[in-house]
Amino acid sequence: MAMKDFWQKHENLYFAVSNKKVIFGVVIFLSIVILSIIGPIVTPYDYEEFAGMGYQPPSKQHWFGTTIMGRDVFTQVVYGLRSTLLVGFIAGTIASAIGLVVGFVSGYFSGQAADESLMALTNIFMVIPSLALLIILSAYLPYRGIVTQSLIVAATAWPWTARAVRSQTLSLKSQEFVNLSRISATPTFRILREDIAANMFSYVFMVYILQFNGTILSSVGLEFLGLGPTRGISLGLVLQNAVNWNALHLGMWWWTIIPGLILTMLIVSLYFINTGLDEVFNPRLREM
Amino acid sequence: MGRYLGKKAIIYFITFLFAVTLNWAVPRFAPGDPISMLLSRFTVLEGGREILESFFVKTFGLDQPLIQQYFGFWRSLFAGDLGISISQYPKPVLDIIRDAIIYDIIILLPAIILSWIIGNKLGAFSGVKKKADNFLMPIFYFLTSSPYFWFALVVSYVLGIVLGIFPTSHAYSATMKPGWTLAFIWDFIMHWFMPFLTLFLVQLGGWAIGMRNMIIYETNTNYAKYMESLGASDRLILNYGYRNGILPQVTGLAISLGTIVSGAVLTQMVFSYPGLGYLMVQAIKQNDYFLIQGCFLFLIVMVLLANFAIDIIYMLIDPRVRHSYSGEV
Chain A
309 MAMKDFWQKH ENLYFAVSNK KVIFGVVIFL SIVILSIIGP IVTPYDYEEF AGMGYQPPSK
369 QHWFGTTIMG RDVFTQVVYG LRSTLLVGFI AGTIASAIGL VVGFVSGYFS GQAADESLMA
429 LTNIFMVIPS LALLIILSAY LPYRGIVTQS LIVAATAWPW TARAVRSQTL SLKSQEFVNL
489 SRISATPTFR ILREDIAANM FSYVFMVYIL QFNGTILSSV GLEFLGLGPT RGISLGLVLQ
549 NAVNWNALHL GMWWWTIIPG LILTMLIVSL YFINTGLDEV FNPRLREM
Chain B
14 MGRYLGKKAI IYFITFLFAV TLNWAVPRFA PGDPISMLLS RFTVLEGGRE ILESFFVKTF
74 GLDQPLIQQY FGFWRSLFAG DLGISISQYP KPVLDIIRDA IIYDIIILLP AIILSWIIGN
134 KLGAFSGVKK KADNFLMPIF YFLTSSPYFW FALVVSYVLG IVLGIFPTSH AYSATMKPGW
194 TLAFIWDFIM HWFMPFLTLF LVQLGGWAIG MRNMIIYETN TNYAKYMESL GASDRLILNY
254 GYRNGILPQV TGLAISLGTI VSGAVLTQMV FSYPGLGYLM VQAIKQNDYF LIQGCFLFLI
314 VMVLLANFAI DIIYMLIDPR VRHSYSGEV
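Protein sequences appear in the order of chains A and B. According to my numbering, the first sequence is numbered sequentially starting from 309. According to my numbering, the second sequence is numbered sequentially starting from 14.
Next comes chain B alone, as it looks inside the complex (with noise of 0.2 Å):
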């Protein structure tokens, strides 16, 4: 058990060495020298002098050897110190990360957490039931094969444009001062609703298929076919099914998280929800490097979180996983 988790965690840990290693590498050595781009841009800044002289030396270290500057990068690092946003001058980068996060979360939990457990109950049902599975395939399969950003587009025009219920764009209304108010929460919410059925919606088509093919399969084997000999009720071997056919839609769901968090950055984009994808795609219309950097570790550090949560959750409901996993098949 404890292998598992810490094999695991070495993985996770050397993921995020790769992460913070190119988000130092990246802007030293991509074409077009961004940091001498970013030092002209600061000097023009008010104030910017004094930046760059105390976070740039520090920083980047330019007349220092690269192997320095690269520990100079991870000691500012673990300070919090993410470098000064040029775009919100002059706001530190983890001030305005710690303002969106909170965004990518309200949307990201819920619509992972239902979509999942939805999609596999409808997929289950609809691989038992033969005339709903004739109906209900194609619109798993147009839905899954949606681009996010589009199914936003089409969710936006139908609910926010036709129909007019939602608001299209940003977290709460321009008029609106947050507080715990019923209006404010009201208004949220409200903001809230079609991102979230964006997200929600294009993934419930995939947990679908797989939970569907994964019914099929089950009751199809020996196991399933004995117990109907024996005259087991179809809901037992379902549910019998449905226990097997959850294990590798846990395991998809650790697959696809990067997926999942990529189409929350371009649904954010269509509704102009100002979480840390929106944020990002801001950050670099304006080259706000820090600001993109910043954003990509934490959305990296998000991803990792919740893939070390899934590993939990997997080694609590499959026991087997402690005795088997030497050998993975």
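For reference, chain A alone in the conformation it holds in the complex (with noise of 0.2 Å):
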């Protein structure tokens, strides 16, 4: 029975664990995590070092072969998957939570100077290609580390977050429920809090979803065109130095395709995640 009550409390979370995408995103992504946490222990070599014969195809003492200067393509493949993750993190965070608070208090005040020049901003930054406004930030930055590769990522990372967040403001701002606690003389601060941003919850979950995607996708670009942090190993790096060296022209597909397909998955995972999510918490997409 205490199981049935707790499933009742829980819908939502028992929608998510039902979920086939959900399960099929979460499974991924935590093998991946997992794979990036122990990775580094259960491997014998340095990223860096000379493990064994180059050319190598993938082996059982090379998982996913050697790049050409014999080092060991799986022990910087886990590596990398460290800081891509740490920079999705790091980086997805700030521009969510950018983007939250200048859509939030740009929705909530709609139709007020605050709002007009946040958009300003906001479609500003939106017009302006990221990847061409990173390249130039990081050709003037001689040293970057894992933490300004994340700061200018997130910089440029934000504004449709803020876009999407100040609409679905705008949209449960007319809300009866605001209405009445507008009426009632509830105070500001306590409507956004209890009214507006409880139940955007599930959508900020989504939205943060979307930008670690987002960040990883562009730090692993930056990295790739050897932007990146100067110091270290990405994946993007990995993918760099295989093209640098001409590894598909040696026919050398582990070097380049495994790297990327991790990668392609951990961003597939999470998309299943969110669609699934998506799915949870609007039940009328749930019968598709």
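Bear in mind the hints are in silico, worked out from the structure with no lab data behind them. Keep in mind it's a predicted model, so treat the numbers as computed, not measured.
Simulated crosslink set (DMTMM-like; lysine to aspartate or glutamate; CA at most 20 Å straight-line): (1) B:Lys104 - B:Asp94; (2) A:Lys481 - A:Glu502; (3) A:Lys481 - A:Asp503; (4) B:Lys143 - A:Glu587; (5) B:Lys142 - A:Glu587; (6) B:Lys143 - A:Asp586; (7) A:Lys328 - B:Asp146; (8) B:Lys143 - B:Glu231; (9) A:Lys329 - B:Asp146; (10) A:Lys328 - A:Glu587; (11) A:Lys368 - A:Asp354; (12) B:Lys20 - A:Glu424; (13) B:Lys142 - B:Glu241; (14) B:Lys21 - A:Glu424; (15) B:Lys143 - B:Asp247; (16) A:Lys328 - A:Asp586; (17) B:Lys134 - B:Asp146; (18) B:Lys144 - B:Asp247; (19) B:Lys20 - A:Asp423; (20) B:Lys134 - B:Asp247; (21) B:Lys142 - B:Asp247; (22) A:Lys329 - A:Asp586; (23) A:Lys329 - A:Glu587; (24) B:Lys21 - A:Asp423; (25) B:Lys142 - B:Glu231; (26) B:Lys190 - B:Asp200; (27) B:Lys21 - B:Asp331; (28) B:Lys144 - A:Glu587; (29) A:Lys481 - A:Asp423; (30) A:Lys481 - A:Glu424.
Which stretches of chain B does chain A cover? Using the computed rule of at least three CB atoms under 8 Å from a CB of chain A, they are: (31) 27 to 35; (32) 151 to 158; (33) 277 to 287; (34) 293 to 301.
We treat Cβ as the ideally placed atom computed from N, Cα and C, and that holds for glycine.
Build the complex: two chains, separate frames, hints provided.
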């Protein structure tokens, strides 16, 4: 009985754990996270070490093969994953936070000066191709760490969140229960917190997932151009090295295809979680 | 109508101001003092002294107060003077960009338009056919999740290396002489195909997912159910849903232009396709700051123009915009 009560109380959680897309996404996502955690412990090599013969296809000693210089691709990938996930986490959090605050304020005070100026700023950032801006910023910063990279990626990632959150706030604001709070003289902050923010929780969660994805994609793109962190290894850097060494022409598919495939699977899994959660939070979509 | 376009134009104008200001400010305030590095590099080049005297004094005016330096920058910009490239010395940046920009247009324009049209059609199809949906959706998700450069590598590996159909780099073979000969045009198309295909396929997934969700939403609305109860054919209902679903997709296109251009930069890197993106990254490798800035400026101007074109299209296909622009929900 207790079990049944629990599921009744947490209805959304029930639909989440029984949604195929969510399960599929979470399983892949967690496997990749676990890979990044235990991978560096399991592997006997260091990512800069000459682990064996170069030019080796995947084998028992080298699960993802070796690079042309004899470095272990598996080791590079698992260390690179750590850095990629970390950048996604930091930059995704910052970008979501900026987008949320801007969208929230702008939506609540719609039509006022604060809204107009914030939306103008948002539209400006939206139009500028983020990678071009990132290239300009990175090119002039001779030393970049993971945090610097996350900051500049986040600085260009937030605009769509701000726009989306603004329109969500706008439509929530005109709901009757918010009007009721307003005419019963509830303080503004309390309306924001209890009526609007509380109802946007699910939306915010999904925004965060998409930001995580987006920031990972832009930071990997930067790394691929050689504008990522100046030290350490990352997935983009692994791929850049592979391209620089002409790995594909030499038939070394394991060096380029595998790291990118893992990255793509990571992003696919998050998309699946996002779509699945969309169905969980919007009962209308559940039947599909 | 005029107000709608006017408001957009103001935003784009401010964006342009912002981009130029950024272009001016970053090299001046960035750590590592890029300008003095440039100065020292120019002095060792042949004829560099003269350039220093004419161009640097005019553009940078390093001895003047900051505000005057800023206006000087604008003056030379309007005179079409973007500086001299170091890596392709003594070619002016503007000439280099003029040669490169055509490559961006010929891969981006067809890729954007075709993937948008076909993606929307496929998405609508997937939205009404459940069997096809189960098969197509994972593919769409895979496409839209792929980083452009990785997908470019996969395309390059499969079509270029394993199957050996297409050449894997540059815009045309080194042995070819550019001209309107049949052989050259064929060679050019063969080189063009893989960068185009990469941009086309990666974008396709996103449009299809968007349209599929719109169609599912539309076919569940009251008007669709009402039509159904009147005995309207599925095809008719789908057509109405499609027309409603297409509007957010047009907005989506405007929003994702920046991402698409970023994708083109990365794709050009993989195929060494000599557009602005490739040029920009080469310029970074050689610390050719004027060229970096020129490319940045042109990429932004391109996106701004495209945005404006989309705004006009949106206005034409959705008359409601004229009336409801003030209260966007």
